[in-house]
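Just so you know, the sequences run in chain order A and B. Everything in the first sequence is counted per the working numbering, starting at 1 for the first residue and increasing by one. Everything in the second sequence is counted per the working numbering, starting at 1 for the first residue and increasing by one.
Hints in this document: simulated from the structure, not taken from any laboratory.
Pairs count within a copy or across copies, as identical chains cannot be separated in the list.
Think about it this way: if two alpha-carbon atoms lie no more than 27 Å apart in a straight line, the pair counts; the simulated DSSO-like pairs of lysine-lysine are:
id	residue 1	residue 2
1	K138	K187
2	K71	K138
3	K137	K187
4	K138	K188
5	K204	K261
6	K104	K138
7	K71	K137
8	K137	K104
Number of protein chains: 2
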Amino acid sequence: MDDNIRTEISSLGEFGLIDHLTRNNDTRQAGTILSIGDDAAVIDQFGRQCVVTTDLLLEGIHFDLMYTPLKHLGYKAVAVNLSDIYAMMATPTQITLSLGISNKFSVEALEEFYEGVYAACERYNVDLVGGDTTSSKKGFVISVTAIGEVAPDKYVTRNGAKVNDLVCVSGNLGAAYLGLQLLEREKKIFLENPGVQPDLESQKYLVGRILKPEPRADIVDWLQENDIMPTAMIDVSDGLSSELLHICKKSEVGCILYEDKIPVHDDTKAMAMQFQVGTAACALSGGEDYELLFTIRQEDYEKISRNYDISVIGYITEAKEGAHLQTKGGAKHKLTAQGWNAF
Amino acid sequence: MDDNIRTEISSLGEFGLIDHLTRNNDTRQAGTILSIGDDAAVIDQFGRQCVVTTDLLLEGIHFDLMYTPLKHLGYKAVAVNLSDIYAMMATPTQITLSLGISNKFSVEALEEFYEGVYAACERYNVDLVGGDTTSSKKGFVISVTAIGEVAPDKYVTRNGAKVNDLVCVSGNLGAAYLGLQLLEREKKIFLENPGVQPDLESQKYLVGRILKPEPRADIVDWLQENDIMPTAMIDVSDGLSSELLHICKKSEVGCILYEDKIPVHDDTKAMAMQFQVGTAACALSGGEDYELLFTIRQEDYEKISRNYDISVIGYITEAKEGAHLQTKGGAKHKLTAQGWNAF
Numbered sequence: 001m002d003d004n005i006r007t008e009i010s011s012l013g014e015f016g017l018i019d020h021l022t023r024n025n026d027t028r029q030a031g032t033i034l035s036i037g038d039d040a041a042v043i044d045q046f047g048r049q050c051v052v053t054t055d056l057l058l059e060g061i062h063f064d065l066m067y068t069p070l071k072h073l074g075y076k077a078v079a080v081n082l083s084d085i086y087a088m089m090a091t092p093t094q095i096t097l098s099l100g101i102s103n104k105f106s107v108e109a110l111e112e113f114y115e116g117v118y119a120a121c122e123r124y125n126v127d128l129v130g131g132d133t134t135s136s137k138k139g140f141v142i143s144v145t146a147i148g149e150v151a152p153d154k155y156v157t158r159n160g161a162k163v164n165d166l167v168c169v170s171g172n173l174g175a176a177y178l179g180l181q182l183l184e185r186e187k188k189i190f191l192e193n194p195g196v197q198p199d200l201e202s203q204k205y206l207v208g209r210i211l212k213p214e215p216r217a218d219i220v221d222w223l224q225e226n227d228i229m230p231t232a233m234i235d236v237s238d239g240l241s242s243e244l245l246h247i248c249k250k251s252e253v254g255c256i257l258y259e260d261k262i263p264v265h266d267d268t269k270a271m272a273m274q275f276q277v278g279t280a281a282c283a284l285s286g287g288e289d290y291e292l293l294f295t296i297r298q299e300d301y302e303k304i305s306r307n308y309d310i311s312v313i314g315y316i317t318e319a320k321e322g323a324h325l326q327t328k329g330g331a332k333h334k335l336t337a338q339g340w341n342a343f
Numbered sequence: 001m002d003d004n005i006r007t008e009i010s011s012l013g014e015f016g017l018i019d020h021l022t023r024n025n026d027t028r029q030a031g032t033i034l035s036i037g038d039d040a041a042v043i044d045q046f047g048r049q050c051v052v053t054t055d056l057l058l059e060g061i062h063f064d065l066m067y068t069p070l071k072h073l074g075y076k077a078v079a080v081n082l083s084d085i086y087a088m089m090a091t092p093t094q095i096t097l098s099l100g101i102s103n104k105f106s107v108e109a110l111e112e113f114y115e116g117v118y119a120a121c122e123r124y125n126v127d128l129v130g131g132d133t134t135s136s137k138k139g140f141v142i143s144v145t146a147i148g149e150v151a152p153d154k155y156v157t158r159n160g161a162k163v164n165d166l167v168c169v170s171g172n173l174g175a176a177y178l179g180l181q182l183l184e185r186e187k188k189i190f191l192e193n194p195g196v197q198p199d200l201e202s203q204k205y206l207v208g209r210i211l212k213p214e215p216r217a218d219i220v221d222w223l224q225e226n227d228i229m230p231t232a233m234i235d236v237s238d239g240l241s242s243e244l245l246h247i248c249k250k251s252e253v254g255c256i257l258y259e260d261k262i263p264v265h266d267d268t269k270a271m272a273m274q275f276q277v278g279t280a281a282c283a284l285s286g287g288e289d290y291e292l293l294f295t296i297r298q299e300d301y302e303k304i305s306r307n308y309d310i311s312v313i314g315y316i317t318e319a320k321e322g323a324h325l326q327t328k329g330g331a332k333h334k335l336t337a338q339g340w341n342a343f
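In isolation and in its complexed conformation, chain A is listed as follows (with noise of 0.2 Å):
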């Protein structure tokens, strides 16, 4: 290393950043069938495939314990490490658990932690098989890895979307980031009025959104009882723009997604208001929602439209034609999408 360079990480960007570091990567392992780049990893374990994927939370980046119940962060922990393997198609098994923990927690705090995460455990019928527990000097760290398992090739990367295959989503979108919203601002309240106790009792569905995330394990269980095969699928944890742009970039086509498509909660349409947002700007760029969205062959359209918890919301163009949101208005935005940008 010249020590006269120093290039800032802010300016590759979180995707940048691991497209750079992992560019020399080679694969040595006949079972490596899917590596870096996608929602999880696929691995052949003779002949059967397993499914892995793992997340780093970290105090004051990813939560605030402030306004995090500890048995919620338990639970979320489990949640969206299990949505990024939903999002290969594969069943959740097992997960490791790894935690750093400061001299500020009490055995009962973490107590409450670990219920949680049974909680989740036991709602997705997957075993906490191992992990690793540490001491840290400042900061609650939080690390999961999830394994599951799918039938030989029947998993879904991002990569397989073609021309005029139809985009849909799950559930709706937008309302953890107003979940989220909502208590920075009833925090910043009490910090400045401790008395006032926050009234969140009347925002639980937006609330509940962002706490306590419900990885979509039944829209899974449907498409394969529907013996429909997306052929692009991802999770949203970052937003629409930017798992829909992964999609494209990683499948090399373009999209058109339609504004007046995506499916928002009455309650986010409502706190939207109250923030002066659109509710559009929170679907796409939110993030967190932990709902699938993914690509279907336009022959499944029938199908896909009996079930009214999932959107089709826009539809696969070539490469050459980018990436467009279609606003209510008419007009044509090409889509784009920062990822984390904390550096």
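We have chain A; now place chain B onto it with these hints.
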């Protein structure tokens, strides 16, 4: 949770805390063969077995960037996880790597770290298949998960040691601990007199043992080639005492360990003298040697004695006789171990 109760984590210690938090951990998946409590978990993948382990490394707790070259750190982060896979008599095949990075890091610094990661992957023939990269408010956070494979039921746990089995250890012990003491001493001198450059050239062996440990893949290979199936196995990360007590507890046996049989490198002896500590203490409590500690049946003694890199250091007794160290002077001391207690 009753807010009036607060149990300090330090009152349980590392192992007590893990036992406490996982006491109600259920197993739901038929594929979960071995769960929390060993070097790695074992998962049945349709009749074949997959081994998983994970480690969390935090700046200021596990490493000091003042004297740890980033390339070595990347190498070590991988190596210590592979060591856990080898300690199951399994073969590592893939890893995932998650990083929390503060903005003090440049892209070039991360490249150095990844160089070490890739060097370890190449040396041990494993693939880096995934991970997560995030910003960190403070401190470098590293989480590695390693996956390996093993022929059905050919893995070795901590709980198979039987009375009269021989206790064996690979390589030598205590060197990593003294390497660390040396680095800490030179750091202190440097901080007090920034002009003085530390002379570590003459202590390459000890410093190498702490900064760039090698997991004992060669020992696992040799045992397999010579058809020796250890009855129990663990890698030495916390120190000989702690690891041997794990085997005793899990196997429900006792042991006698002979101080004069503990293998110690000449450089370790010389440095122990400088630091005025006993070499046995360094081996027993030092940790980070990443050697393999295992038990074998007496009938394998002749075979084992042909490998000069394996020492027989004691034998297994009935549980009621406890775990003891027999000193060079003939005295008998109860073995004790703390695990970490940084809280």
